[in-house]
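So the sequence lines, in the order shown, correspond to chains Y and A. Oh and the first sequence: position 853 is 838 in the numbering used here, straight run, nothing missing. All you need for the numbering used here is the position in the second sequence, starting with 1, plus 70.
Worth flagging that the hints you see were computed from the coordinates, not collected in a lab. Careful, some of the hints might be misleading.
Subject to a maximum C-alpha distance of 30 Å in a straight line, what follows is the list of computed DSS-like cross-link-like pairs (lysine-lysine) [unchecked claim]:
1) A:K95 <-> Y:K719
2) Y:K719 <-> A:K96
3) Y:K384 <-> Y:K1066
4) Y:K218 <-> Y:K119
5) A:K110 <-> Y:K719
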Amino acid sequence: MPYFVLPKLFRAAAGARRQILLVMRFLSFFLTVVCMQTYATGHAQEKVSLECKDVSFKQVLTIIESKSSYRFLYHDSSFSSLPNISIDVRNKPALSIVDQLIAGTYLHYRVLANNLVVFGEGAYLVADSTIHGKVTDDKGQPIAGVTVHEAGTKGGAVTNERGEFTLRVKDAGGTIELSSVGYISQRVRLNNRLVFSIHLMAEDKSMQDVIVVGAQSQSMRTTTSAVSVISGKQIENLPAPSFDQLIQGRLSGINVQVNSGEPGTAPSLVVRGNTRVSQNIGGSSLDAARALSGPLYVIDGIPVNPEDITNSIDATGTNYLAGLNVNDIESISVQKDATATAAWGSRGANGVIYITTKKGRSGKPEFRLNWYSGLSIKPDLLPTVTGQEERRQKLDLLKAYANGNMGLLRQIPQMLTDSLNPAFNNATDWQGLFYRNAYVHNADLSMAAANELVNYRLSLNYYNEEGIIRAFGYQRYSFRGNFDFKLSPKLNAQFIAGISRNDRQRGRKFTNRSLNGTQVTTNDNNTPVSGANIPASMYRLTSFDSLNFTGLYDKLRNQNINNQYTASLTLNYKVFQDLTLISQASMDVSTSNKDYFQPSNIDAVAYQVQQTLQPSYAESDRGTFTNYFLSNRLNYAKTFRTGESFEHHVVLTASQQFNRNIATFAQASGYNIPSNDIQVVSGVPQSSLGANSSYQAASLLSYVGQLQYDLNRKYIAYVSERTDASSRFGARSKWGSFAAAGIGWVLSDEKFMDNTRGWLSYLKLRASYGQSGNQSDDYYAPYNSYTLSGTYNGNPAIQPSYTNGLTKDNLTWTSTTQKDVGIDLNLFNNRVSIVADVYDKLSKSDYFNFNLPFFTGYQSISFNATDLWVSNRGLDFTLITHNLPARNPLQWTTTLNLSYNKNLLAKLPNGNRTFLQDDYYGVTRIYSVGQPIYRMFQMQYQGVYNNYSEIPVNPLTGQYITYFKHNHVVRPGDPIWKDQNRDYDVWSDEDNGDSHGDRVPTGNPNPLFTGGFVNDFSYKNFYLSVVCVFSWKRDIINTFREGQFDNIFDFPSVSALYDFASKRLPSLAGLNYWRPDQQLKGPGHQASFPALNPFVGHYYEFLPFSSMFNEDGSYFKIKNIVLGYRVPEAMVRRAKLNGLRFYGVIDNLTTFKRSSVPDPEAVDNLGVYTGGLFPLPRKFTIGLEIQF
Amino acid sequence: MKIHRLKINTCLLAVCITLAGASCKKYINERPISSTYDSKFWTSQQSVEQAAVALYGQLRSCLRQDASHFVFGDLTAGQFATIYSTYWNYNTIQPSQGSNFSYVPYLEGSLKNWTRFYQLAAQCNLILARVPAMPLSAFSNDSTVRNRYLGEALFMRAYLYFYIIRAWGDPVYITKIYDNVDYGNIPPVARTVEADVLKACITDLQQAAGYLSFSGGDPSIAFRASKGSVYALLAHVYAWLHDYSNAHQACQQVITQGGYALEPMSSYSNIWSDQLSRENIFSIAMTFNSNDNNFLNAGDNSSWSEAHYDFFSIWLKDSAIDFRTSNCWVANPTLYADSDRRFVSMFHAIDASGGDDAGYELLKYANFKYNNPASKQQPYINNNLVLLRLSDVYLLDAEAQAVQGDLGNAVLSLNHTRERAGIGDYSGSMAQQDVLQEILDERGRELIGEGTWFYDLIRTEPYVHNLQDVLNYSQTRITEKGYYWPLDLNALFQGDPLLTQNPYWSSH
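Could you build the full structure based on these sequences and the hints that come with them?
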């Protein structure tokens, strides 16, 4: 134990009396560092009596030495200026006599081992005293690892696993400060007490002690950056495969939308607004997924860009972050402003998420077993009518619109009229075929311990979640080990190793990426019959249908495995007292493997149904992504004083980093495998065989310098500079420089704020400005890749890629400039805390696909668009309140996180030329200066023309207004589309080549406000946490409904009537659509939806080019409720355990919304609801945690 | 000991930093190995060969898009009819329906847009810029090898501009390459008068003739450019300029030195089949090839797959193509005598069905196959597309002789194909216009379905007036060159503000 070292050291120095002061300084340094309970021996407060007159202080001490076991140590000169003393005391503690004698002088003393009392002069005016305390949380459980230190000094202690601490303080009337990750820091006035029992309140947005910004560690108190932190505790045991879904609503400044309930997929996560202007939104789901800019993740110091990984090797579509066990996470910090992100330079432009994993803490080995299990509930099916009722509704509709016309009525398909035909007389709700109740299981086992030489934590995790659509699911096995070795007083090493395996079942879903251009499916292709194509309920479900639709082709094989291997070694060497060298070497290997087999439907039933023969197909994909990261950094931290009251803290960090990514991919595929029993690519005829492989590598070399300075921890300044060279840029433009500066002012520490101390605990103002950047997605962006276009007469042909065929030596970094002003405010003894930041982020020079003139032969080229400016301005706001006094047994903490972001295009290339683009579902998006990215561009729908008197007449021609470039004269029952250009014809474009027509910017899919509202309660051993998330002012478009109407009521002919009969009718309940029979009832009857006439010719009126199906996508969701019970310590001990806890979670409980879609969150990044997206299930889990 | 350890640590640190520093320099200049690129590509003969091969594949994809080759050459000349269903949007351009070239829904990208030909031009220009800069050692020090590639690129550039001129009139004439310095800074280019471009093409072709050699009777040469194809094209270019004496001389070069021979009637269909024919001067390979991975992956949808289904299938109907589709372009072959053996062997009468009128289907390209016969997957039509052949040159020579007044020799030239077809020597009127009309009609019979006849009508309009008399074009349409296609300015103007519309179509 280290305190044995102390007396020995002292004895070595004690001989040299003249160096006492030096020794003392030395000692105090050691005390600070090892924070010990050295003073146990000083307890023997021996009492003495003494009586003397006019003697020197030195003489008094000699008398006391003779009457007690105390020995005094001092400089002769120390007492020279003291006057002589007269004293008469009886039976008083020896030291109190000394106290009495030196009161009011410049002297002070310390009591060391063996009752040795050392005198000193100057700063230490008051005697030290030792205090003891126990720190517990609001549930009465001890908290280990709390840092305790006396205000205004450097000394400190840490609580042990029983929550106890011992601290020597200099001022028994002073204040101590307690802080720990996940808890509100607290100041306690000592008032000369020696024993304390302190409750720390858990904090959601904690003032985490240390955050890592670039290569530098900073304290939360003195950072100038806008950083939000949550502790892993707050998201543990929630039933989700990856942490990114769980931080939704818990941090301000990020917008997380979990848009698919498919286990193992990634949610969208955007920090402070989207900066990406994708020109490629018309393709597959992959394009939609890349429509938004994602942050850089740094896991235990290793930077990872999951987008890079999915771009280059993804075969399975599994979320990279799902490889990290949620319960291994210690804390997550989101770094938002320029001073935080510029040090990540090259890749920090879209924010940085820094994750640290758990380490061992407890002195004696601790085992923790955690298990939960639960059920995901089948979603509510969309309202639909079946059987007789559907038939009645359809016939009713036909009769209404036929209006007695026998010619029309004769066309009614047999399916509707022949109600006795058993083939058409059923009531099948097809939706029910695909969904199921599913289970979720999770088990964690961890072992951890910490002592002076080694600190370790080993963990093991198994997670298994079934999808609520059949044949979907996700399993993870993961191992992680964190080891800290103290090799010598100057050198320690940290080793982290992690392995995980992710096995994902994806039903019949085949593609994630279009590797060979043949297979493009969309994200919502989860069920065999999806969205608008569901058949009428009257059909009979054959056994083949059920087999086919449930995706349980018994021979279909779809195996998706992602493996991750991480290892990292960090050496931490103290070169001098103030200078530390840290070297880190790490490797992260991630593989993505898919094996797919689809049998030929050569069997009779399948052939009978499908009529065409489908060849068997097998594919095998192998991708490996290797990320090497090396960094060396020198950290110089120095504190010095000038004058009486100026304490300067300087931290200077210089770092060199090297990062290299290698992505390899191989694929083999083949049709016509000889037997359905062979499920791999084997024995395939040469002509049906395909194979390819690829290799990509990119490197990044960076130098970072960071300087943090503060005066008295009150006035703070920070500057950083980072320079990167990327292999992804041209020879002339590899290097990019990113600088940032920030200032901070802890206003609450000012003298003039003294009279506010009663209510203002802490106030800091911050401001920052700086630049960060981004590199190209394309590993070989400057090179004009030549492509193997194919063969001619059997010979291979190579030509430049027409979409990116020019060499680009000047291609370079994008840049994002960000300004941020923030305030950190704690009120009423930290019962209320507020963090608010206002930012202005301007991103420039992103890579943009420019069309080249046709005569160059090249279609387009992607390079920095210096004229492409994206602006994001907004407010991050966090409010935490502790609603009940600390003494109350019921504790209630409320957290509100609010992120407001306004996104717009500030400048566009080609002289601000507006351009339009259709997404995959045909919704046009406008890219125009002043408009948010991906804003919808549609004709404005304003209801229905109920009768002729409402239809505008063109005064020039005397004709009714027309639609579709004069092809359709408007009649009652038609939708009202606003005639924007007042030419008495409304359409999406004009014959004269005007591509805007009568369209205007409409729905905005970027939410204006997102956030979370969290309430945590605790009462004795119970705790309850309710997390709500919300999104406000977002427009979505219901293309599911759009498609249903369009499929059924478009282009009528005999076959369209057949469609009308054979497809599921959209729910017409509550839909006041225009019907001729109701119009007869008189002009007072007003319909609110256009006619659904299956007989007359249509003009595409249900396409999404009008705003008819736009809806308000705002929602407020009770995301999860956690109820837990901690078994009282006494009972736990009796069972020879260290802790026992039970908990239950309800996930995704309910959603309050305005739109008609089942879940406004489950829409894609562009705000499109298709009806086929994987619903977000409601989950119920229960679990327990045992510590022993 | 402490000092010792410090030393070790310092050394370690130094090693770490130097290692990282030194190796990084190399790594930040990463170069791709999954694909090649400009500065690496143009170093070997093999690469040049691959680039040259790309010329032909690219031309194939240009011609095949939306069957535009047949639209330009055949559909507009009135020998075929497309009725409803599959080819409804091709209707308006037929003479019987008013020859309205400006309304072609969904076909604007191919019929009114020439962009794809500029991809081919870029490839020609790239070869012509890069190959001369390569050291001769890359070609085993053999300048004829290097010149052959230059000859191919020159031929192809002339071919494509001539093609553009015949379809759209004045081209935007580009002979330079665009690269590194250009992007973001490309000035617009105006159209060049067609006669000037054709003169430049003649220069190119004359140069190419010096670089290439004749086939020497090897029919497999026809898949790439040869001296024979250069002269055949030169003859066409001269004829388009109505410089018939030079056209005649070029034809004579082909006929006398080319090493070509007419395919006997007994094996007439070999001309378009996967069999080789000595009659072919220049043709595009479109038969199935097992090396072709585009075919496997994308079936007939890939513009680069060798064998294709969609392109030739426009001629074929149920009986020939196993119920793949029930629509085709139906021929109305009025020019043939019943005894014409071409009519007997190349046409098959069909009844009205599937919305099509009764008529004849053309059997020149009728080798329909499945790559996977068992499951009837991956259909394709195994024929080649012939662009220049000896019959064409004989008839062009006949035309040249006739226009120049040498009617006797013109009839001799004309009789080659008549004799083969079994309809005997020409015995009609020897008036110049009648002979020219007969030569034109013989072209119509011989080259039907080969994408050329409409151009023949345009070329001979000053002499025989078929556009005016047979296709009912107005005088304005002819003087304003309304036989050329309009350009899709909506799509093309953005990149080239100097671009102008063809005069007739700017007001029609």
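Now the hints, each set against the structure:
Between the alpha carbons of K95 of chain A and K719 of chain Y the distance comes to roughly 11 Å, so the proposed pair stays at or under 30 Å and holds. For the suggested pair K719 of chain Y and K96 of chain A, the alpha carbons sit about 13 Å apart, so the restraint of at most 30 Å is met. For the suggested pair K384 of chain Y and K1066 of chain Y, the alpha carbons sit about 16 Å apart, so the restraint of at most 30 Å is met. Note on K218 of chain Y and K119 of chain Y: the hinted pairing holds, with a Cα-Cα distance of about 21 Å set against a maximum of 30 Å.
For the proposed pair K110 of chain A and K719 of chain Y, the alpha carbon gap of about 20 Å is at most 30 Å, so the pair holds.
Checked against the numbered hints given earlier, the structure satisfies every one of them.
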